[in-house]
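Participant: For the record, the sequence lines run as chains A and B.
Offset between the first sequence (1-based) and my numbering: plus 16.
Offset between the second sequence (1-based) and my numbering: plus 16.
Keep in mind that the hints are not guaranteed to be accurate.
As the list claims (entries may be wrong) - 30 Å max Cα-Cα, derived BS3-like pairs, lysine-lysine:
(1) A:LYS349 with B:LYS345
(2) B:LYS417 with A:LYS427
(3) A:LYS216 with A:LYS226
(4) A:LYS420 with B:LYS345
Claimed, not checked - Simulated DEER-style distance windows between Cβ atoms:
(5) A:ILE92 with B:ASN155: 21 to 31 Å
(6) B:HIS296 with A:ALA475: 22 to 32 Å
(7) B:LYS75 with A:GLN38: 25 to 35 Å
(8) B:GLU76 with A:LYS216: 35 to 45 Å
(9) B:ASP313 with A:GLU176: 23 to 33 Å
If you're looking for bench data, these hints aren't it; they were derived computationally from the structure.
Ideal placement from N, C-alpha and C gives every residue a C-beta, glycine not left out.
Number of protein chains: 2
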Amino acid sequence: MAKGASISGFPEWLPEQRMVEQKIIDTVKRVFELHGFIGIETCAVETGASLLKKGETSKEIYLLSRLQEVRHESDIPISERLGLHFDLTVPLSRYVVEHSGQLTFPFKRWQIQKVWRGERPQGGRFREFYQADIDVVGNNNLPEHYEVELPLVMCEALDELHRFGLSKATVHVNNRKLSEGFYRAIGLTDIEGVLREVDKLDKIGPDEVKKLLTEDHGANEKQTEACLRLADIVTTDPNNLRSRFDALCDSYGVDHTSEGYTLAQQGLNTICTIIQQSAHIRPGAVIADCKIARGLDYYTGSVYETFIDGAPELGSICSGGRYDNLVSKGNRKYPGVGLSIGLSRLLSYLLGTVGAKASRQSPASVLVAVWNESTRDTSNRIASRLRSRGICADVAPQANKIGKQIKYASKLGIPYVWFPADSDNETGSDVAVDSVKNIVTGEQSPADSVSWLPDTVYAQQTIVINKE
Amino acid sequence: MAKGASISGFPEWLPEQRMVEQKIIDTVKRVFELHGFIGIETCAVETGASLLKKGETSKEIYLLSRLQEVRHESDIPISERLGLHFDLTVPLSRYVVEHSGQLTFPFKRWQIQKVWRGERPQGGRFREFYQADIDVVGNNNLPEHYEVELPLVMCEALDELHRFGLSKATVHVNNRKLSEGFYRAIGLTDIEGVLREVDKLDKIGPDEVKKLLTEDHGANEKQTEACLRLADIVTTDPNNLRSRFDALCDSYGVDHTSEGYTLAQQGLNTICTIIQQSAHIRPGAVIADCKIARGLDYYTGSVYETFIDGAPELGSICSGGRYDNLVSKGNRKYPGVGLSIGLSRLLSYLLGTVGAKASRQSPASVLVAVWNESTRDTSNRIASRLRSRGICADVAPQANKIGKQIKYASKLGIPYVWFPADSDNETGSDVAVDSVKNIVTGEQSPADSVSWLPDTVYAQQTIVINKE
Numbered sequence: 017m018a019k020g021a022s023i024s025g026f027p028e029w030l031p032e033q034r035m036v037e038q039k040i041i042d043t044v045k046r047v048f049e050l051h052g053f054i055g056i057e058t059c060a061v062e063t064g065a066s067l068l069k070k071g072e073t074s075k076e077i078y079l080l081s082r083l084q085e086v087r088h089e090s091d092i093p094i095s096e097r098l099g100l101h102f103d104l105t106v107p108l109s110r111y112v113v114e115h116s117g118q119l120t121f122p123f124k125r126w127q128i129q130k131v132w133r134g135e136r137p138q139g140g141r142f143r144e145f146y147q148a149d150i151d152v153v154g155n156n157n158l159p160e161h162y163e164v165e166l167p168l169v170m171c172e173a174l175d176e177l178h179r180f181g182l183s184k185a186t187v188h189v190n191n192r193k194l195s196e197g198f199y200r201a202i203g204l205t206d207i208e209g210v211l212r213e214v215d216k217l218d219k220i221g222p223d224e225v226k227k228l229l230t231e232d233h234g235a236n237e238k239q240t241e242a243c244l245r246l247a248d249i250v251t252t253d254p255n256n257l258r259s260r261f262d263a264l265c266d267s268y269g270v271d272h273t274s275e276g277y278t279l280a281q282q283g284l285n286t287i288c289t290i291i292q293q294s295a296h297i298r299p300g301a302v303i304a305d306c307k308i309a310r311g312l313d314y315y316t317g318s319v320y321e322t323f324i325d326g327a328p329e330l331g332s333i334c335s336g337g338r339y340d341n342l343v344s345k346g347n348r349k350y351p352g353v354g355l356s357i358g359l360s361r362l363l364s365y366l367l368g369t370v371g372a373k374a375s376r377q378s379p380a381s382v383l384v385a386v387w388n389e390s391t392r393d394t395s396n397r398i399a400s401r402l403r404s405r406g407i408c409a410d411v412a413p414q415a416n417k418i419g420k421q422i423k424y425a426s427k428l429g430i431p432y433v434w435f436p437a438d439s440d441n442e443t444g445s446d447v448a449v450d451s452v453k454n455i456v457t458g459e460q461s462p463a464d465s466v467s468w469l470p471d472t473v474y475a476q477q478t479i480v481i482n483k484e
Numbered sequence: 017m018a019k020g021a022s023i024s025g026f027p028e029w030l031p032e033q034r035m036v037e038q039k040i041i042d043t044v045k046r047v048f049e050l051h052g053f054i055g056i057e058t059c060a061v062e063t064g065a066s067l068l069k070k071g072e073t074s075k076e077i078y079l080l081s082r083l084q085e086v087r088h089e090s091d092i093p094i095s096e097r098l099g100l101h102f103d104l105t106v107p108l109s110r111y112v113v114e115h116s117g118q119l120t121f122p123f124k125r126w127q128i129q130k131v132w133r134g135e136r137p138q139g140g141r142f143r144e145f146y147q148a149d150i151d152v153v154g155n156n157n158l159p160e161h162y163e164v165e166l167p168l169v170m171c172e173a174l175d176e177l178h179r180f181g182l183s184k185a186t187v188h189v190n191n192r193k194l195s196e197g198f199y200r201a202i203g204l205t206d207i208e209g210v211l212r213e214v215d216k217l218d219k220i221g222p223d224e225v226k227k228l229l230t231e232d233h234g235a236n237e238k239q240t241e242a243c244l245r246l247a248d249i250v251t252t253d254p255n256n257l258r259s260r261f262d263a264l265c266d267s268y269g270v271d272h273t274s275e276g277y278t279l280a281q282q283g284l285n286t287i288c289t290i291i292q293q294s295a296h297i298r299p300g301a302v303i304a305d306c307k308i309a310r311g312l313d314y315y316t317g318s319v320y321e322t323f324i325d326g327a328p329e330l331g332s333i334c335s336g337g338r339y340d341n342l343v344s345k346g347n348r349k350y351p352g353v354g355l356s357i358g359l360s361r362l363l364s365y366l367l368g369t370v371g372a373k374a375s376r377q378s379p380a381s382v383l384v385a386v387w388n389e390s391t392r393d394t395s396n397r398i399a400s401r402l403r404s405r406g407i408c409a410d411v412a413p414q415a416n417k418i419g420k421q422i423k424y425a426s427k428l429g430i431p432y433v434w435f436p437a438d439s440d441n442e443t444g445s446d447v448a449v450d451s452v453k454n455i456v457t458g459e460q461s462p463a464d465s466v467s468w469l470p471d472t473v474y475a476q477q478t479i480v481i482n483k484e
């Protein structure tokens, strides 16, 4: 993070860091569009009523008040106040319902925007950050193949970030029906509660989870053990998954005709389809992992988390799932499946741990020198000609000594300095034609602003990995 | 605006409208970078103390409170609360001061972000909108040539929007020193007050302004008339400007040795430099207009407003000026000059009055058809090959009848439908090789996914002007 950022939890980047963020956004957006996802942007606010659907007042939300409302703001019911969105799924739901008549379904949309969490200020937690989401929302039905394809699009997007120093991403998939079905089959009833605790496995470890399941969710020791054994199943092989699940069921005496078992089998079938077809399309990208639970209660089918090789500290940087009941309008349902990349956290990792940064601070490839203020016009014209051919060009801020102008270029990382022909012989030297100097290599040669091109390697700002 | 947008003042666009916004952003950003401006992004919030500098509690600001703070939020002093930024200049000031050690000066930055105004909800006023800003900030000094160049960069950016249907932009320039010097020279003292009223000329007309000047700012009839006569001067000719100004001064008996006259002359010199040099670099782009006042009190030199030919209802869509005292740290000052495009208002005009929209809703050029779900894999592979060559490709959502698949493409504006070779002869027809159909022209021909390219005209989403 840019040092000295004064507002805790609101990250702000230096120019050479912001460039990495911009390139990441451009890169994932490009992958989304290659797959036919349509970009939308929703406003930053939602009503308190939408943000707090289902009465989740524990949510970390920022509410707004107009300056003129101060002192009376608490009089307005929270449901009628505006608040900043905390994710891009709630806004998507509203957008789809509002514009359903003007959208084509299934609606494949990408959305990359900042979201806000009104958390207590604490070290390392972002209160403002970017999310990059893709979702497909159907009109009353949504084919299962999107549950196979969406995580693969995300893998492709993350793989494109290899050149910014990101290691391989693997999507871990589970299915709510499998978990819920199994929990019911072994006699548990507080399904949401159990899922919430299992979701903490990586953070607090099995012993703590056991304790919570027993103390807060009425699980006996056998049930607790069963939950943890289910969570232990990780495999890329559908047959292995089926046989281990059935073995687990048998060892706990699960009745194969029970509703729970039937539900679990539906989930199991979907997971098997996903890992089987993924292996086909993008080998090694997706793995079944029965401990994936996801805290959010609106998921009804597949749930995904994504981990980066060699970066366990990063946690899941791309999560999501299928939600059949989140969006509805009258009798009509809009089932969806989507995943969201936590871009700011990913950026923070790439800038910090990986050491990614822009190859230079300025987009300019060339700084046109100015012999003296009366010939600034000549320098401006040269810059104009270069720009008209797509070459980013800056002009020296002042007609200082040439050494000082070169230093300005060097500080900004601008690789070339352009010397206009000095027809007035201002410099005492005999400079009859323009010339350009690569201040990295020291090479200098005559140049014409209507035809000169920078060497490819110096033409654009790029990302470099600068591990210290 | 997308119909039915539920939150008043927070515009939201349909996909084919959002695309226009995205293209506008990309276009102006490109121009900024060609000129060597460096992109930054600041967080959405500032402290109440920064937002309300100089105690302007009349500002239309949104303050934030965490959900947990509701009922106690008004106990926190406003200066310590967080609020959403209402422009990009206040955040820039803070950014420059915080990171001055890591920036290269003069610091040329572009910034395109949303800003928020906590206005009373009322028809047509945006409470959330995009601004596109460029500023150059110097370290203790800032050469005058930036006051010539920045409005020209904005003209270039706006001219690039011609292809989205925008007419020619003209920057109107004035100088605070000219106005202030003249007002002082004729004996007025409430300079900020007078500027604020003169700024309303276009909105409320000369009679109302006269009334306000007389009633609220202690101007007599002669002074009021002088203010309006100064505001009448509009010219592209420096000599004309000088002679009209001097004639005006003479007719009001202004003493040429007075401090006011001297200050006015400084301003006049700057305006003359600007219109003279602009005429050279970009003829017809900049005009001197002595009624330009700008409401904001931090401007100290040049002030700019920009109008679009044939769109007076739009008002100024790109404004700014020079500010010498806005940013400081200890004894060090950071004088700046900058302009800001009101992007959302411009977009709203282009979508509404001009009728700009995306040529199609989907970024995809091709929809790959699916004969039946068991061969979806084949269709996916074709799409993959197209994407690997940069062609945006979608795959039919369901293996419906081909007519229904074509209809899906057509609704999304996808111009090509790809028919995989039907080796299983599913269709009863003998389709031995892939073929692709342009559903706009009806043309169909055999195609190979490793080499086929869409016709240029159908390759990308573009902007079309669709005046109804």
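Participant: So, for every hint listed, does it hold in this structure?
Facilitator: Now for the hints, and whether the structure bears them out:
no. : hint                               : result
1   : A:LYS349 with B:LYS345             : violated, 57 Å
2   : B:LYS417 with A:LYS427             : violated, 62 Å
3   : A:LYS216 with A:LYS226             : holds, 11 Å
4   : A:LYS420 with B:LYS345             : holds, 25 Å
5   : A:ILE92 with B:ASN155: 21 to 31 Å  : violated, 46 Å
6   : B:HIS296 with A:ALA475: 22 to 32 Å : holds, 30 Å
7   : B:LYS75 with A:GLN38: 25 to 35 Å   : holds, 30 Å
8   : B:GLU76 with A:LYS216: 35 to 45 Å  : holds, 43 Å
9   : B:ASP313 with A:GLU176: 23 to 33 Å : violated, 48 Å
Checked against the numbered hints given earlier, this structure breaks hints 1, 2, 5, 9; the rest are met.
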